[in-house]
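Chain by chain, the residues run as shown.
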Amino acid sequence: MRKEFSKPMVKSIWIFEWINSCGFSEVLPLDSSKFDMERFGIKAVSSPRHADCLLIGGYQTLKSIEIAKRIYEQMPEPKCVIALGSCPISGGMYWDSYNTVKKVDKYIPVDLWILGCPPRPEAIIDGIISLVNAINGGKND
Amino acid sequence: MWWITLIEIAVFPIVAILLGLLLLGIDRKVAARMQRRVGPPILQPFYDVRKLFIKDTVIPKKSTWIFDFMPLLSVVSLFIIILYLPFMGLSPVLHGDMVFILYLLILPSLAKVLGGISSGSPYAAVGSQREITNMMGYEFPLVTIIFFMSWKLFSFGVAKPFSVASFTSGVMWAGLGTLGIAGALLLLFVMLLVIAGELSRPPFDVSSAGEEIAGGITAEYSGRNLGLFYIADALKLIVLTTLVVVLFFPFGISGFLGIGGWFALIADSIFYFIKVLLLMIFSETVLKTSVSRLKVTQLVNAYWGSLLMLSLLGIFIIFIDMVLS
Chain A
1 MRKEFSKPMV
11 KSIWIFEWIN
21 SCGFSEVLPL
31 DSSKFDMERF
41 GIKAVSSPRH
51 ADCLLIGGYQ
61 TLKSIEIAKR
71 IYEQMPEPKC
81 VIALGSCPIS
91 GGMYWDSYNT
101 VKKVDKYIPV
111 DLWILGCPPR
121 PEAIIDGIIS
131 LVNAINGGKN
141 D
Chain B
1 MWWITLIEIA
11 VFPIVAILLG
21 LLLLGIDRKV
31 AARMQRRVGP
41 PILQPFYDVR
51 KLFIKDTVIP
61 KKSTWIFDFM
71 PLLSVVSLFI
81 IILYLPFMGL
91 SPVLHGDMVF
101 ILYLLILPSL
111 AKVLGGISSG
121 SPYAAVGSQR
131 EITNMMGYEF
141 PLVTIIFFMS
151 WKLFSFGVAK
161 PFSVASFTSG
171 VMWAGLGTLG
181 IAGALLLLFV
191 MLLVIAGELS
201 RPPFDVSSAG
211 EEIAGGITAE
221 YSGRNLGLFY
231 IADALKLIVL
241 TTLVVVLFFP
251 FGISGFLGIG
261 GWFALIADSI
271 FYFIKVLLLM
281 IFSETVLKTS
291 VSRLKVTQLV
301 NAYWGSLLML
311 SLLGIFIIFI
321 DMVLS
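First to last, the protein sequences are chains A and B.
Using this note's numbering, the letters of the first sequence map in sequence onto residues 1 to 141.
Using this note's numbering, the letters of the second sequence map in sequence onto residues 1 to 325.
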């Protein structure tokens, strides 16, 4: 049974990053003084047990998606999944490889897709805020 | 009057939790401003705790009942310490001993260690071992300073040199010349670093090193249990800063301003809050933003080498000052 995010939760979202591609260089600046995701209460944590949100960054192979699944199962409910970049949607530029996961949604239920190859830090913040708004007022940006 | 004591016992822990979470929020805000960021809202720790209490609590299959019990124990032991200390500038509710407080101060860290070991995760086990190393480190300078102060009380002819009430008379600065004040400031500096160590904050955060051992000691904790540890951290911050206030700045402001009654109470609590806030900023925020994490071996060297030697040097300087005058 999947629990939904409730209103009080969106003021403090702790994310666990499962990133094994170019997306990492775009997520890292979120912690810096220019973008500062902490002003929205978003924090990167280092244990899946603490996390509310799994950030799947970019290209997933058939092996790495197994680990992503395991991380997802270790997170306590309620939880959400954000997929970063084009690769989780369609396989991106590796679409014709035998080892590519073409659509992450077939393995893990994704709540938010952030487009881009890779997406800019502004796009990631904008995506998370639109997720927060959707939970808050039911409005779809 | 007995009913005032009852009210104090009921109200103090709640006020301490609120104050501690507020201080953590100010800490994060100030740290953000020092790094030229906007920073989270000051009430962010309250949001975090509320969220953690909403979330599910996962209990690993291989853990024992100790895992579920230890967060509660660490919060409750801190409640008890607060009743023994002059919280909010008031006189302590229960009359106790400084050595007893030292023993009680071990309990929250020990609870965390036991919880980490019993969780069955290798990361938490490594974190627990590191926390024990950390505990052995910071106790040494802390105990040295406190025993020196009770020796000083003893030399002044105080009947109970170990009771908290004797410490609140401001004995640290009594009868010191310029040289002695320099020595006392050295002890204060060591004490600020001991606070950072007790709270496992940078540069002494080896036990919860996120990048090396996946959150360390609390790796398996989630939901309500993690929220209780969050609250325990806030309470520990209050307890330790209050301990330093007792040791170094136990003075109230109401006598100085010459006011009495309820206004004295309010003035003293505001003054207490300012003292605690400044101690927190100097012992945590400045360190957190300017220094990176030590290795475990460096940590032991720092405590048993540099900091112990610094505190002994401070004591030696005060000795010389007392002999000269």
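By construction, these hints were calculated from the structure, which means they are not laboratory data.
Heads up, the beta-carbon is just placed ideally off N, CA and C, and yes, glycines get one too.
Misleading hints may appear alongside valid ones.
Distance ranges between label pairs, derived from CB positions [unchecked claim]: (1) A:Glu122 with B:Ile270: 40 to 46 Å; (2) A:Pro29 with B:Phe273: 34 to 40 Å; (3) A:Ala123 with B:Ile7: 49 to 55 Å.
Calculated lysine-lysine pairs in the DSS-like style (CA-CA distance at most 27 Å, straight line) [to be verified]: (4) A:Lys43 with B:Lys152; (5) A:Lys63 with A:Lys34; (6) A:Lys11 with A:Lys34; (7) A:Lys34 with B:Lys61; (8) B:Lys61 with A:Lys63.
Evaluated hints:
no. : hint                               : in the structure
1   : A:Glu122 with B:Ile270: 40 to 46 Å : holds, 42 Å
2   : A:Pro29 with B:Phe273: 34 to 40 Å  : holds, 36 Å
3   : A:Ala123 with B:Ile7: 49 to 55 Å   : holds, 54 Å
4   : A:Lys43 with B:Lys152              : violated, 47 Å
5   : A:Lys63 with A:Lys34               : violated, 35 Å
6   : A:Lys11 with A:Lys34               : holds, 20 Å
7   : A:Lys34 with B:Lys61               : violated, 43 Å
8   : B:Lys61 with A:Lys63               : holds, 26 Å
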